[in-house]
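S.K.: As given, the protein sequences belong to chains H and Z, one line each in that order.
Its first residue numbered 1, the first sequence is counted upward by one per residue in the numbering used here.
Its first residue numbered 117, the second sequence is counted upward by one per residue in the numbering used here.
It is possible that part of the hints are untrue.
[Claimed, not checked] To give an idea of the interface, some chain Z residues facing chain H are shown, with a C-beta separation under 8 Å as derived from the structure:
no., residue
1, F150
2, G159
3, L160
4, F206
5, F222
6, G225
7, Q229
Keep in mind that the hints were calculated from the coordinates and are not lab data.
Glycine residues also receive a C-beta, built at the ideal position from the N, C-alpha and C atoms.
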Amino acid sequence: DTEVTQTPKHLVMGMTNKKSLKCEQHMGHRAMYWYKQKAKKPPELMFVYSYEKLSINESVPSRFSPECPNSSLLNLHLHALQPEDSALYLCASSQGQGAWSNQPQHFGDGTRLSIL
Amino acid sequence: AQSVTQLGSHVSVSEGALVLLRCNYSSSVPPYLFWYVQYPNQGLQLLLKYTTGATLVKGINGFEAEFKKSETSFHLTKPSAHMSDAAEYFCAVSEGSTGTASKLTFGTGTRLQVTL
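Could you build the full structure based on these sequences and the hints that come with them?
M.R.: So, in structure tokens, the structure goes:
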């Protein structure tokens, strides 16, 4: 069982739809991450939240909009996605930043997203 | 910038044989190193980590890795492979400094196949 919970597990959406991915952790971690993973590739970092503030945006297109409502929740809002955005979207959390960068990231099982 | 090289995108071993997955890193500062495993349709699970101290690190499922600074390596080993070890393995280095969030740089991954 993973300690980072992602919903939904699967999502199929059209290019004009708006949907959201949800991530939740109750480990008291203060850093949360979104990754995109294509088949047979390593995860690619998209966003990092640290203490509920956006810390890193890896030049992600604006059709992806992250939100961190509180220290346990992380959302990824999706709008007008393209077929190439089809991928596994992984959420992760870790104990924090800076001096805590030696702490491992804990991953959820991901949301498999398909864009029609 | 830090980087990770995993030699061999695909490794095949017989059940009961030694598993050796290679990882070399590049870092301008003392690195924090991690091995993750990903089973089909799942997220990444932490196998083990090296931060400071003992250079031989033991992880879950009988895996271990040795940090060799002179060789900039962090190879993953297991004395006896089991069918359940078949998965994708990622080596990663953590990049972070005071005031910034932790970022993981992943290698390209090694798919381990275990045969009877």
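S.K.: Of the numbered hints stated previously, which ones are contradicted by the structure, given in increasing order?
M.R.: 7
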